[in-house]
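Q: Taking the hints into account, I'd like the entire structure generated from these sequences.
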Amino acid sequence: MAAYYIQSLFIFYAIFSLLGGLAASVYFSRLDSSARYWVVGALLAGVTAWATVFRNDLPLLWSYSIPIGLTGMSHMLMGLGIARLYDKGPQHWRLLGLALGTVVFIAAMEWSRLHAGPEMTLLLSGGCFGVTSLWGAYFAHAHYKQSANRFSMHMCWVMAVMGLIHLMRTQGFVTGWGLNTFGQEAWSYGIWTSAFLAGTLRYFVYIGMRVQEQADERLKVMTALVREEEGRRVVNRLAQQDRQHSLGVMSASFAHELNQPLAAILNYTELLQHQQKSGQWDAQMNQQVLDDIIHNSIRAGDIIRRIRNFIQPESLKKELVDLRAVIDEVCALVEPEARRGNTEIIKPLLPNTPIWVLGDAVQLSQVLFNVVRNAMESVEKVKTRNIRLDIRRENREILIEVHDTGPGLSEEAAEQAGDPFYTTKISGLGMGLSISKTILAQFNGRLSLHNTENGACARIALPFAQVI
Numbered sequence: 001m002a003a004y005y006i007q008s009l010f011i012f013y014a015i016f017s018l019l020g021g022l023a024a025s026v027y028f029s030r031l032d033s034s035a036r037y038w039v040v041g042a043l044l045a046g047v048t049a050w051a052t053v054f055r056n057d058l059p060l061l062w063s064y065s066i067p068i069g070l071t072g073m074s075h076m077l078m079g080l081g082i083a084r085l086y087d088k089g090p091q092h093w094r095l096l097g098l099a100l101g102t103v104v105f106i107a108a109m110e111w112s113r114l115h116a117g118p119e120m121t122l123l124l125s126g127g128c129f130g131v132t133s134l135w136g137a138y139f140a141h142a143h144y145k146q147s148a149n150r151f152s153m154h155m156c157w158v159m160a161v162m163g164l165i166h167l168m169r170t171q172g173f174v175t176g177w178g179l180n181t182f183g184q185e186a187w188s189y190g191i192w193t194s195a196f197l198a199g200t201l202r203y204f205v206y207i208g209m210r211v212q213e214q215a216d217e218r219l220k221v222m223t224a225l226v227r228e229e230e231g232r233r234v235v236n237r238l239a240q241q242d243r244q245h246s247l248g249v250m251s252a253s254f255a256h257e258l259n260q261p262l263a264a265i266l267n268y269t270e271l272l273q274h275q276q277k278s279g280q281w282d283a284q285m286n287q288q289v290l291d292d293i294i295h296n297s298i299r300a301g302d303i304i305r306r307i308r309n310f311i312q313p314e315s316l317k318k319e320l321v322d323l324r325a326v327i328d329e330v331c332a333l334v335e336p337e338a339r340r341g342n343t344e345i346i347k348p349l350l351p352n353t354p355i356w357v358l359g360d361a362v363q364l365s366q367v368l369f370n371v372v373r374n375a376m377e378s379v380e381k382v383k384t385r386n387i388r389l390d391i392r393r394e395n396r397e398i399l400i401e402v403h404d405t406g407p408g409l410s411e412e413a414a415e416q417a418g419d420p421f422y423t424t425k426i427s428g429l430g431m432g433l434s435i436s437k438t439i440l441a442q443f444n445g446r447l448s449l450h451n452t453e454n455g456a457c458a459r460i461a462l463p464f465a466q467v468i
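Position 70, counted from 1, in the sequence shown is what my numbering calls 70; the numbers after and before it change by one each time, with no gaps.
For the record, the hints were derived by calculation from the structure and aren't laboratory data. Take these hints with a grain of salt, some might be off.
Distance condition first, Cα-Cα at most 27 Å in a straight line; then the derived DSS-like pairs of lysine-lysine [to be verified]:
#: 1; residue 1: Lys-220; residue 2: Lys-317
#: 2; residue 1: Lys-220; residue 2: Lys-88
#: 3; residue 1: Lys-347; residue 2: Lys-318
#: 4; residue 1: Lys-318; residue 2: Lys-437
#: 5; residue 1: Lys-347; residue 2: Lys-437
#: 6; residue 1: Lys-381; residue 2: Lys-347
#: 7; residue 1: Lys-317; residue 2: Lys-277
#: 8; residue 1: Lys-220; residue 2: Lys-318
#: 9; residue 1: Lys-220; residue 2: Lys-145
#: 10; residue 1: Lys-317; residue 2: Lys-437
#: 11; residue 1: Lys-383; residue 2: Lys-317
A: In structure tokens, the structure reads:
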């Protein structure tokens, strides 16, 4: 078998290494650290293979010792490229150690070539290529365990086989086989053919790894979006059920509140009917009665509108909301029950200009409604039943605080209030404040509770929306 064929293998390997590095650099037009290491390693492997081809024409330092050292370095760089897929930490010390180790190894190779003979240089080169290839296989296996990328396992096997092939070359230290790189024996031809096939296959497998990684990343993003959307739907359904439950609890108060204007309308209508039958028609008095009927009809309509707006199911919106309207709406909703419980609701002095936040008006009303309702329940068993609402801007946030004169929160309640299914009420499910926290989180807001000197305080914080 002619030595030319071994040199041909080096030529083909050099070409494929250069093409493999260029292909990776073109495919990954924006090179991350993994691709940078891999591309540099592949190009370095191609250049050193070309230098080896001209070993008979170049000084042996430049065609033997240095190329062997840089080839080992290229294997290490490709291994680091695989490691960077999951290890994003700093690599300065690894790179510095790799550079120093390469210089030391080149010096050892050159000394062995000059003083120790071909057996020692074969042992060093075969051991270097074998160990560095197995090192890359280790990183590929670690990436597979973390990502389940099937191409990572393929890379592990390819690099492991390549490493074992190079380690098999070291038997020449004992048997004398393969001492001449361009030897004509079948052993040299078979070893280099197998090594170069495995080395070339690496470049295809690496691109497969990255393509699979990108596909997995897109799948993760899509899965996260689907879960987020499904979570939003669940929150909306829970929020609607919570609103329905809250209005169900307050139904007696709403019925009483609605009964007043309806009863007044009935009385005024009977009065008009009586006047018509008796013939005692007083135009001025009738006009006053009609005005009262209209006033009470509007009052009843407002009550029904507030209930309908609060309970109707709608998709989540993210739009500009004036918190002044939210406070007015919630205070009007809780007013009937507050009157029945002899609880005074003290509204804040609202400015004349809008207080804008980004959110959903219905869901933000639900949050404030839940907080005020909790405050009303906390003052049921105390003598002084006051609930005070404050609103102010602090830095880039709008803060709404609901103060009550209740007994305050226990240490456990202060820590766990808002957790799902945690409640201090015998008949409660513990979902009101939990849903409120989830709603606020959708708008980058938060809910916190703490004790004050006179009771407890619930604080709602929302980012202020600057309207130009």
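Q: Can the restraint linking Lys-220 and Lys-317 be considered satisfied, given a maximum Cα separation of 27 Å?
A: Roughly 26 Å separates the two Cα atoms, so the pair holds.
Q: Take the C-alpha atoms of Lys-220 and Lys-88, compute the straight-line distance between them, and say whether it is at most 27 Å.
A: With a Cα-Cα distance of about 19 Å, the restraint between Lys-220 and Lys-88 holds, given a limit of 27 Å.
Q: Between the alpha carbons of Lys-317 and Lys-437, is the straight-line distance 27 Å or under?
A: OK: Lys-317 and Lys-437 at ~17 Å, within 27 Å.
Q: Taking only the CA atoms, is the gap from Lys-318 to Lys-437 under or equal to 27 Å?
A: 16 Å, holds
Q: Decide if the proposed pair is consistent with the structure: Lys-347 and Lys-437, CA atoms, cutoff 27 Å inclusive.
A: Holds: Lys-347 and Lys-437 sit about 23 Å apart, inside 27 Å.
Q: Run the distance test for Lys-347 versus Lys-318: straight-line Cα separation, threshold 27 Å.
A: 26 Å, holds
Q: Is Lys-220 close enough to Lys-318, meaning Cα to Cα at most 27 Å?
A: 25 Å, holds
Q: Taking only the CA atoms, is the gap from Lys-381 to Lys-347 under or equal to 27 Å?
A: 22 Å, holds
Q: Is it true that the CA of Lys-317 sits at most 27 Å from the CA of Lys-277?
A: 54 Å, violated
Q: Checking one constraint from the list: CA of Lys-220 to CA of Lys-145, max 27 Å. Satisfied?
A: 17 Å, holds
Q: Take the C-alpha atoms of Lys-383 and Lys-317, compute the straight-line distance between them, and say whether it is at most 27 Å.
A: 41 Å, violated
In terms of the numbered hints stated before, the structure departs from hints 7 and 11, listed from lowest to highest.
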